[in-house]
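Given chain X, put chains P, G and C in place with the hints provided.
4 protein chains.
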Amino acid sequence: MEKRARVLIDCHDAKGLVYKVSKVFYDRDLNIDSNREFVDKEKEKFFMRTVVSGDFDTDELNDALKTVCPDDARIRVIIPKNKKIVILATKESHALGDILIRNEAGELNAEIGCVIANHETLRTLVERFNIPFISISADGLTRDEHEVKVMQEIQKYTFDYMVLAKYMRILTPTFVKAYSGKIINIHHSFLPAFIGANPYKQAYERGVKIIGATAHFVTDDLDEGPIIAQNVIPVNHRLSWKEMQSAGRDGEKVVLSRALALVLHDRVFVHDNKTVIF
Amino acid sequence: MEKRARVLIDCHDAKGLVYKVSKVFYDRDLNIDSNREFVDKEKEKFFMRTVVSGDFDTDELNDALKTVCPDDARIRVIIPKNKKIVILATKESHALGDILIRNEAGELNAEIGCVIANHETLRTLVERFNIPFISISADGLTRDEHEVKVMQEIQKYTFDYMVLAKYMRILTPTFVKAYSGKIINIHHSFLPAFIGANPYKQAYERGVKIIGATAHFVTDDLDEGPIIAQNVIPVNHRLSWKEMQSAGRDGEKVVLSRALALVLHDRVFVHDNKTVIF
Amino acid sequence: MEKRARVLIDCHDAKGLVYKVSKVFYDRDLNIDSNREFVDKEKEKFFMRTVVSGDFDTDELNDALKTVCPDDARIRVIIPKNKKIVILATKESHALGDILIRNEAGELNAEIGCVIANHETLRTLVERFNIPFISISADGLTRDEHEVKVMQEIQKYTFDYMVLAKYMRILTPTFVKAYSGKIINIHHSFLPAFIGANPYKQAYERGVKIIGATAHFVTDDLDEGPIIAQNVIPVNHRLSWKEMQSAGRDGEKVVLSRALALVLHDRVFVHDNKTVIF
Amino acid sequence: MEKRARVLIDCHDAKGLVYKVSKVFYDRDLNIDSNREFVDKEKEKFFMRTVVSGDFDTDELNDALKTVCPDDARIRVIIPKNKKIVILATKESHALGDILIRNEAGELNAEIGCVIANHETLRTLVERFNIPFISISADGLTRDEHEVKVMQEIQKYTFDYMVLAKYMRILTPTFVKAYSGKIINIHHSFLPAFIGANPYKQAYERGVKIIGATAHFVTDDLDEGPIIAQNVIPVNHRLSWKEMQSAGRDGEKVVLSRALALVLHDRVFVHDNKTVIF
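Protein chains in written order, with our numbering: chain X, -12 to 265; chain P, -12 to 265; chain G, -12 to 265; chain C, -12 to 265.
Hints are computed from structural coordinates only; laboratory data are not their basis.
A pair holds if it fits inside one copy or across any two, identical chains being indistinguishable in the list.
Think about it this way: if two alpha-carbon atoms lie no more than 25 Å apart in a straight line, the pair counts; the simulated DSS-like pairs of lysine-lysine are:
1. Lys143 to Lys68
2. Lys71 to Lys143
3. Lys10 to Lys32
4. Lys229 to Lys28
5. Lys32 to Lys261
6. Lys53 to Lys2
7. Lys188 to Lys229
8. Lys229 to Lys261
9. Lys7 to Lys32
10. Lys(-10) to Lys71
11. Lys70 to Lys229
12. Lys169 to Lys78
13. Lys261 to Lys2
14. Lys188 to Lys28
15. Lys261 to Lys188
16. Lys68 to Lys28
17. Lys53 to Lys7
So that you can see chain X by itself, here it is in the shape it has in the complex (with noise of 0.2 Å):
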């Protein structure tokens, strides 16, 4: 029965990888629908992500690719629909709403658990689209113990991803390994630049001529994740901090909605503190 893949590979870099991989394709008869290939040079890695299509079983297919490539392959065979996210979000809406019409439109890919808040500002806006929120108020909470409320929410939920539509917190360390490699934050900033709290006031402060922002994954060091996209708006003397803010809602929304249709099309590989984007 014809069906499509998503093939992901990376490994040490080896003669002959490409060579190999698609004998694996062509010995089965199949397609070829798209194949993109890269090789860091300075860290001898490979890189490959093929979409085939054709008559295969999914797990005899990963095998035969893991006999022909290097023992350290990461090898994925992703056969393609929705995955699951769960949104966290604090008060503003300019990101969750450009989601939330996006899943509307079924342009998301995705399906979302949930949406966890920890201000109630955003409750209509998310139920108007018959979606849970949940919002947990951090008032009289130590960061840790906050966290654990959210975490028992969010246990209820099986997800792919978690994205951070500008949730206003930090994350402390064990919430980011407890989900490690699957949280996506936008930050409102071109980082490296700004990093930290209010970036736009700094951006103001140090009177840069272009803002911009940053949607990344996140790691235990705040703001210093692999880079999924970036974006920027011109800006001039004339705009107060507040307005860069406003104006760069727009970068932010657009980034984030980029960067997650990205991971969400599995064109994203991490290595090291880089992404590699097919």
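Below, chains P, G and C alone, put in the same frame as chain X:
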């Protein structure tokens, strides 16, 4: 009593206009919060937008400005408040959805009277936000007949601007004339490239490396009205025209929102077939 | 003896091409330094550019690839070396100057045979760099007569590409045909907007908010050839068309240099009226 | 006799400044060719740049303006003419070459006194344009000793601005102080990201998706001076840091030229650590 006004003046250029107008403000002890002028040397036209605050009478201020400006001057003293808009759409939700989210966040600076569409597709989305949705099918109707029905609905609303949020029908001169200077459209190309139907397909076939979007006022000549804002998105040979269309949507919604913000803040002058934007 | 080649293949699409081609490389123990493919699904065409290194015989490799590719395959095994170019110009120095500076820095990857112009203006600049400058005035000549004189000079040089660095004359079909696929032009607009004469004036009169530049191969239809690279520059109502022209020059020279680099590194396939760029 | 002046005023904000200043122009029957103001509300500072034409005496005009402006006002009545510049460089020719080409075309609006470099590399290029080239090797010298030698050469020239066209040496506070407010640098990153040495390598290692360039005035804190202009170039995982460096050069030269044009046309005010640009 302290209040604020946007003062917009356009007229033929003459010596001393800045002096004379600023004297009117000075004599009334008004603060100038911001001020911008422009002289179109070729057409010998003067444009000025000043935000003043203080204690003034709107009519008296208007009259005083009339005294010092040339006879052909168009003078507007506008007390900032939310403008009223109606929205026309078809099936796509990205531009409309972006407006709804901004409206929900209180950032639109407008009140949405209703959304009128020639299909039912967007009803659920619009009604989620408790905004009247009116669908008027064009099935079996001539263009004129359909427009008459649309106009019958529209005239139930008072509005400052009509926003075409991907309304995929051509308007007749009668319709355009009825709402002259009030209709804002988003055209899904970098005008004047790819005027007319299916610009993404045209762009794909031409093999361009950048696609764009244009927000403009609608005049009789299709896609030929004064341009308010434009933006662009890089593309390459790997994108099908459907993928270009999808990639272009972010550009469309962002440019429409930007144009709307400019218009709703009274920052846009139209002269001949161009805009002056402060 | 270790050497390196760029292998370019384009042909109709067929199953197993990646496998068969990579097998040819594998059987000869060649390293793949980089590899990119693309399938145009609509036209059913396959494109592949691979950089291989190792010990090989160019002709033998070419023959081996011919054996495994479809009959219509165009196969090129190119040993990297500086290409030869001639430049046509008129009066403006920005695009030409940029090429001369790159050449002086050893970054052009080309040898400039000569600069031919229809005015004397640029002689001093070109001769500063010890490059032959030939001016052929068009005064009193028909278009055909002038072109004959230009072609007489050009044919003294062997060259891979002819670069029109703001050559402000329309070429006849005879001329274009004589150097088919070799002529690279910079058009000072975001094609297909503002085809023809004085695009900055056209852009000014249309009141656009962004202007552009386009580098493309020249074909019979003026400004209609395959696009290699494009870029854009934001403008506003304050710029006269002369100021747009001046602002546009940076875009022109950058886009021409980018296009030249792509072409000179054999990264550009032309098919139908489009480019595939790796 | 008809002449033209750029009038620049900056002072603390006060009511009626536009009126009072424009009255001075009106009373002298001067035309306002263009006029821009800005009030920094946070710092309560007023900035105004007006181009006037007519029959006036520069000193009388200056005095009259002084009468109507606050005591702290900095007033400049500038008759447009070419400014004088000196250029410092090291080995790279792209930014320097761009300036030389513009100068040759009469588009620089400046006179180049000399080019001083700490290497011999650029001598041929500079001397092609008949501009004095002075190389001062830093070999065997302390930073201070080298700077003393550079300053000895520089002081032979009168100049309005010193342009660091990729001068790859750190300046001491003594040097910066000696030419306070006159030194324009191009930093090869999107400041404040990647301050310090080898920003392309830093950018590569951080895995950014956009690189940038920044033109700024030099102050004591390295790379911390007021920003004049910035731009960006998209990059991806396929570029090595050397390739990023190469790709970045176009951005560097364009942003330096843009900044230079702004400064040489007296369009840039510096206040605190920021610029106001008209």
